[in-house]
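Enquirer: Sequence:
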Amino acid sequence: MPFYIRARTYFKYAEEQMSLAEKEKDPEKILKFTLEAAERAVRALWAIVQVEAPKEKPPLEKILAEIDKACEPDLAEEIKNHVRRIKELAQNPSVEAAKEALILSRQVVRRTREVLEPIIGPAKRVDQHRRFYF
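Residue numbering for the sequence shown follows the numbering used here, beginning at 5 and increasing consecutively.
In case anyone wonders, no lab produced these hints; they're calculated from the structure. None of the values given here were measured: they were computed from a predicted structure. All C-beta atoms, glycine included, are put in the ideal place defined by N, C-alpha and C. Watch out, some of these pointers could steer you wrong.
[To be verified] Between beta-carbon pairs, the in silico distance windows are:
1) Glu60 with Ile123: 31 to 39 Å
2) Asn85 with Pro62: 30 to 38 Å
3) Arg114 with Lys33: 36 to 44 Å
4) Glu81 with Lys29: 28 to 36 Å
5) Ile9 with Glu118: 26 to 34 Å
6) Glu121 with Glu100: 27 to 35 Å
7) Gln111 with Glu70: 14 to 22 Å
8) Ala57 with Glu100: 37 to 45 Å
[What the hints assert, rightly or not] Listed below are the simulated DSS-like cross-link pairs for lysine-lysine, each with C-alpha atoms no more than 25 Å apart in a straight line:
9) Lys73 with Lys103
10) Lys61 with Lys84
11) Lys103 with Lys59
12) Lys59 with Lys33
13) Lys103 with Lys27
Kindly produce the complete structure, drawing on both the sequences and the hints.
Expert: So this is what it looks like as C-alpha cells:
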C-alpha cells in the first residue's frame, strides 16, 4: 500500500477516535480514545516517511523517535510532549485529566492535519465554506 494511503488511513482513524472521545462522558474512555487518536495521528506522520510498508507494526516509542523525519523539529517535539502528557494523564483518570487530554489530542490531530493537508485535502469546514450554491 502506498505511503500516502497509509497516512490518510491512519489520519482518518485518528479523527474517528477524536470524534468518539468528544462524544464520550466517561473520563476513562475519553482518555483511552484521546490516546488512540494521538497515536494514530503520530502513525500518520510516520507513514509519510515510510515508503515501504513495515513488516510488523512498530511500537509507539520507536515511531516517536523517528517523527523528526516527517516534520519540523519544533513540531515533532511539541507532538512528542503532547503524546507523553496524554499517556501520563491516562494513568490517573479524572475529569480534569480527560479535559486536558482532549485539548492535547485535538492539538496533535490538528497539527498532523496541517502537515498532511497536501495528501488528505483541506479540512471539512474549509470545504463547506468553498461551496458554491448556484
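Enquirer: Please name the hints from earlier in the document that this structure breaks, with their numbers sorted from lowest to highest.
Expert: The structure conflicts with hints 1, 2, 3, 5, 9, 11, 12, although it agrees with all the remaining ones.
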